[in-house]
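S.K.: Residue numbers (full-length UniProt numbering), protein chains in the order written: chain D, 1 to 152; chain W, 1 to 436.
Keep in mind that the hints were calculated from the coordinates and are not lab data. Treat the hints with caution; some may be incorrect.
30 Å max Cα-Cα, derived DSS-like pairs, lysine-lysine [said to hold, decoys possible]:
hint	chain 1	residue 1	chain 2	residue 2
1	W	20	D	14
2	D	142	W	393
3	D	55	W	372
4	W	288	D	14
5	W	378	D	141
6	W	392	D	142
7	W	340	W	94
8	W	351	D	14
9	W	82	W	288
10	D	34	W	66
11	D	55	W	66
12	W	73	D	142
13	D	141	W	372
14	W	66	D	141
15	W	378	D	55
16	W	378	D	144
17	D	142	W	351
18	W	288	D	142
19	D	34	W	372
20	D	34	W	351
21	W	82	D	144
22	W	367	D	34
23	W	66	D	144
24	D	142	W	378
25	W	73	D	141
Residues on chain W that point at chain D, a partial pick, calculated with CB under 10 Å [as the list claims (entries may be wrong)]:
hint	residue
26	70
27	312
28	344
We treat Cβ as the ideally placed atom computed from N, Cα and C, and that holds for glycine.
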Amino acid sequence: MASISSRRLSKELKELNTECPAGIKLVEASNFDKWILGIEVLGDSLYKGESFLLKFTFDPGYPISAPAVQFVVDSEHEAPLHPHVYSNGHICASILGDAWSPVLSVSAVCITLQSMLASCKKKERPEGNDRYVRFAPENPKKTKFLYDDDTV
Amino acid sequence: MIMANVHDAEGVPDPTDFPKSIKGLRALDESLRCSICLEIFDAPMSLPCGHSFCSLCIRENILTRKECARCRKQADDFHLTKNAQLEEAALNWKIARPAVLDLITQLENAKAEAERYRARLEKGKGKASPTSDAEERDSSSRPAKRRRTSADSGDDVQSTSTAHLVAEEEEDEEEDDPHADYIPSSDVEEQSIQEDGVVVCPINNKHKTHISHINAHIDSACTAHIYRPGHRPTKHAPASTAKMKPSAKSAWNSVFQSNSRTSSRDSSSKGKSSRSPSTTSTNERLPKVSYSVQKDKKIRDLLQEHGLSLNGTREQQIARHQHYVTLYNANLDRPPAQCKSTDELRRELRKWEDSLSVKKVEITDPKAYLRKNNDHFKAQVNALNERRRLEKKAANEGNKVVHIEASEMDESPHAKDNGTEQDDIVSDSEGEREIC
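Chain D with its partners taken away, still in its complex shape (with noise of 0.2 Å):
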């Protein structure tokens, strides 16, 4: 039998397969250790037309622990203008640090984050970026983010 985590993003994977969420589209999940998730906000919004990569990584206490997830920046892609999305893909959102639930997916993560982006009223880096970016651990997940804005 597979581990726990494996068993549960394989679920995951089968339900994103035959049925993924309005404007999320699953580009690459070869293993069970990283996946790229297409996502791109829908309807009226700061961001229309654009799209972005996710980039999710799990350890092996997923989901007990929550996954790692960032915006794939690279020479196509980059990370949206969002206050609370620094430059180098990293997301300062509670969902994906103390506030993680073990009830949340794969799926549910890119939801948030496409309301975090559609809910944008000003396109910006957030404050600190350039010295965040300079210093930033590779994983997001060694970032230790204070949340304190609860407008979004």
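Once you have looked at the hints, place chain W on chain D.
M.R.: Relative to chain D, chain W alone:
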């Protein structure tokens, strides 16, 4: 379709096994699953907020966060209470599930067969004279109609002898409810009420009429479509009906039989345990340990007590013991028949530890590996150069010093502009708490 490691994705049952067309089945499967592991409940435990999870899942979750995974209400393991009713439902569903899936495939096959048959009929239809409305009301065409309904209650396959006559009608009626023949309960009921679809009029309780004509009969103030017993339909059991029905019946039987079997077994095992409490008294829960105040030797003793490995660092030993206690206590929540032996628990513990150990990446072809990761290496070298340049610049400026210590970067990166002052990265974000 993207598949992760096909061997793992295959054969993992999940709610999408059930077609959406059958109302509620998928949701039922979902609701009998733990929302943490997405498996059918194994020893479900309830929290005061009313949410239930597998004993092991919620215990592990409580080790990291003392809250309900669904609603985030504060929770601890002493809040957990056994949910015996849910456990029974889950156990029975585990048995019924394959039988129900089997039934669905059978019905789908029958439907596909009917489709193929209809397609064949459409081809041959040109020769047959279409039945007019008048003819339909005529008693001579009624037998065909009746046969049609008896087929309706079982499946859609017609006997060949009347096929040409009813071809037209059938086309109309089949559009009625594409899912009607998916719901097995309806055909069971229909059969118990009427063998050949003749019912007593509910208005005058006197006239008999065919069930498919009951509305027309009532609309005509109980004058039309009165059933005359002389015109009994000739029983034409279509070949495929005969083939399909017994197997469908046996599938349902297996559902009910296995149900009664488990419940009787359940009750007997429960009775047994209540009669002889001495056997369960040895199964006391393991207490939690405050590891931080224990000496290394004590932790080794704790491991030895349960026959666990003494390998690894103190942290690894603690994690091993903690996980074993969780496994052990969760095992006690299982019904006696499903309790695992301590040997099995130890095996599970080893499997868990193996899954935690970092997989070594084997590089078989170093050149290919270099090529593949060249971009990444380059980016790292560039980042380092950039960092060095900044450091030099800062040093040249004299009064401001930049510290870069990789180990400290995680929690307290030094602010370049403030020199030696340390401050955590403060960023604004929201707690998207509406997700629960």
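S.K.: Each hint needs a verdict: does it hold in this structure or not?
M.R.: Taking the hints in turn, this is what the structure says about them:
1. W:20 / D:14: holds, 15 Å
2. D:142 / W:393: Status holds; Cα separation ~28 Å.
3. D:55 / W:372: holds, 19 Å
4. W:288 / D:14: violated, 38 Å
5. W:378 / D:141: Cα-Cα ~24 Å, so holds.
6. W:392 / D:142: Holds. Residue 392 (chain W) to residue 142 (chain D) sits at ~27 Å (cutoff 30 Å).
7. W:340 / W:94: At roughly 18 Å apart (the allowed maximum being 30 Å), residue 94 (chain W) and residue 340 (chain W) satisfy the hint.
8. W:351 / D:14: holds, 25 Å
9. W:82 / W:288: holds, 19 Å
10. D:34 / W:66: holds, 28 Å
11. D:55 / W:66: holds, 28 Å
12. W:73 / D:142: holds, 26 Å
13. D:141 / W:372: holds, 26 Å
14. W:66 / D:141: holds, 20 Å
15. W:378 / D:55: holds, 21 Å
16. W:378 / D:144: holds, 28 Å
17. D:142 / W:351: holds, 26 Å
18. W:288 / D:142: holds, 28 Å
19. D:34 / W:372: The given pair, whose Cα atoms are some 17 Å apart, holds under the 30 Å limit.
20. D:34 / W:351: holds, 21 Å
21. W:82 / D:144: violated, 37 Å
22. W:367 / D:34: holds, 24 Å
23. W:66 / D:144: holds, 20 Å
24. D:142 / W:378: Within the cut-off at roughly 23 Å; holds.
25. W:73 / D:141: Holds - the C-alpha atoms of residue 141 (chain D) and residue 73 (chain W) are around 24 Å apart, at most 30 Å.
26. 70: With a minimum Cβ separation of about 6 Å from chain D (threshold 10 Å), the hint on residue 70 (chain W) holds.
27. 312: violated, 16 Å
28. 344: violated, 12 Å
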